[in-house]
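Chain A is already provided as a structure; the job is to place chain B on it using the hints.
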Amino acid sequence: MTTTTPTTGKAVAAGEAAGGGMRPPARSTDHDGGRGRARRRRSWRTLLYHGSILVLGFVILYPAAWMVLSSFRPSNEIVGNVNLIPDNTTLDNFVTAFSGIGGVSFWTFFTNSMILAVGAVVGIALSSTVSAYAFARIEFPGRKLWFALMIGTLLLPFHVVIIPQYIMFNELNMVDTFWPLLLGKFLAAEAFFVFLMVQFMRNLPRELDESARIDGAGHARIYWSIMLPLMRPVMVTASIFAFIWSWNDFFGPLIYLKSPDNYTMPLALRQYVDQTTVSDYGGQMAMAVLALLPVLIFFIVFQRYIVDGVATSGLKG
Amino acid sequence: MTLAREASKAPEVGKPPRRPRSARSSRRAAETRAGYAFLSPWLLGFFALTAGPMLASLYLAFTNYSLFRAPEWVGLDNFIRLFNDDRYLNSVKITLQYALVGTPIKLAAALAVAMLLNSRRRGQGAYRSFFYAPSLIGASVSIAIVWRAMFIDNGVVDRVGQGVGLSPGGWVGDPSMTVYMLILLAVWQFGAPMVIFLAGLKQIPTELYEAAEVDGAGPVRKFLRITLPMLSPVIFFNLVLETINSFQVFGSAFIVSNGTGGPADSTMFYTLYLYFRGFRDFQMGYASAMAWVLVLFVGLITLIFFKTSKHWVHYGGEGK
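Keeping their order, the protein sequence lines are chains A and B. If you read the first sequence in the numbering used here, its first letter stands for residue 1, the second for the next number, and so on. If you read the second sequence in the numbering used here, its first letter stands for residue 318, the second for the next number, and so on.
Bear in mind the hints are in silico, worked out from the structure with no lab data behind them. Since the structure is predicted, the reported quantities are computational estimates derived from the model, not experimental observations. The C-beta atom is built at its ideal place from N, Cα and C for all residues, glycine as well. It cannot be assumed that every hint is accurate.
Stated by the list, open to error - Covered stretches of chain A (in silico footprint by chain B; criterion: 3 or more residues with CB under 8 Å from a CB of chain B, positions within the stretch not fixed):
no.: 1; segment: 46-60
no.: 2; segment: 90-101
no.: 3; segment: 280-292
Said to hold, decoys possible - Listed below are the simulated SDA-like cross-link pairs for lysine to any residue, each with C-alpha atoms no more than 25 Å apart in a straight line:
no.: 4; chain 1: A; residue 1: Lys-258; chain 2: B; residue 2: Gly-576
no.: 5; chain 1: B; residue 1: Lys-624; chain 2: A; residue 2: Ile-151
no.: 6; chain 1: A; residue 1: Lys-258; chain 2: B; residue 2: Asn-575
Extracted from the complex, chain A is given alone in its bound form:
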């Protein structure tokens, strides 16, 4: 993802182009038939293939690996150290990082980020599924118009709304609270997630809710008892991305959060870099690692969901 934008940018009007919209993740089904012949002649090519990919992979992962390993180095041995394996290891950097910034504890920043990320997940899961249900399953006048407007907001640069939003939240005395950062999540303002859910819901068999209707179930019941359980795969994907985007978001917190007690991890990290002298690269690296840790854990646990989500829907990182 190029920018951490609250509203737009990850999204796609042409979602169909990337393989037909979001579907329940399909396992790849292509197998070669028997192709035993000439296997030996190919083995050197296979070796070359894996070799070149590993070299490329090394280059790609180098910055991340450098960050992690540098965080265990003494501060004065970090800059310009091309080697990945530290000569001297120390945990001092993490002690520095955990001691917080300007009297505010590390755990305050961590908790703030966590509240915002979990809030984003809950808000998006509720609001986008409800709105998507209206778009995908209820027939009412104006639906096409609203849907078109929703699609229209997908590619809209959020900068065009950020100034009036700030003025509004300022009037409401909500600057330096979490409300400006959470409210949009509960109001389905991130159209991308609504779009994702609509695409998924349209692929669910209609017979299910039709028969439920004949049995006398209303929309609320169909939504809650039939749709939501079926939407688990797309909910998982959406939740992962909602969490990570919120966790990494920088612009929103930068604008709205003023007092250090309310800072998120990225803001605290920026503050730290701003305050400390150049020589304390160790503390910076340790903070940087800690700020990314939840994202890395998510990635390791949910790799399949994440990458399949990108592949099937054009979701961005």
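Only chain B this time, still in chain A's reference frame:
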């Protein structure tokens, strides 16, 4: 679409057909109520957080407004000032440079690696995740800090450069290099478009390649005549998305320049300048004008992409 119709028929079956009209219309009214009830969170968000603010910023774009005094109507003043503002023009220039150089390189890398991974060898899934990882973390403050640390004077990149006989110096302090450093950061995140390309490549039927081989086509010809046309919808999708995203680069430029947009405004990208004007100088009318120029520009670019797409994007066949 048929749900309401089907559902409204259902109760009629058992009823005497005396007043079907009112039954149907009350059914429809109930559907409408339900529809708007379910849509209400989005509608509220749309009006309060998107449509309303858009109109407000359109109005503000024609005013002087500093948050502390009432907006003062100035007509087209802000727009005229924009096009005489050297810092603004510079931000447009480097943002375009970033987008026009970075996006093609990123997409070319994404396509190349996707084709490499598309062979049916083992380990493909793991490699795919591997290459995707930077896309997930690349926009974070953490990585921007790492980037900064790697590209400063005597940093890792400088050392490697010295090792091969170049003396590039630090890129962070060199106004002619900072854009390229950030372009590299963008290219580093080629994984997301790569995953999308890979999904597109899997949709191309192998019979096409087999038929081309029978006809004696080489790899270059197969790439130009089969892969590129068949993949064109996906290329289009990635191109639109990546280009528009790259106009909005903010966080990494902010961190790398330590919140200054420097050195010599060389990382003062469009959105960074907008932030400076709007949220540091509180020239909110001016910043709103900037935001609207960006919206119009993004709209124009998207329109151009869509208008020209019929000449080079092939839908149909396997593409959906």
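Self-check item: Hints that the structure is at odds with (numbers, increasing)
Solution: 2
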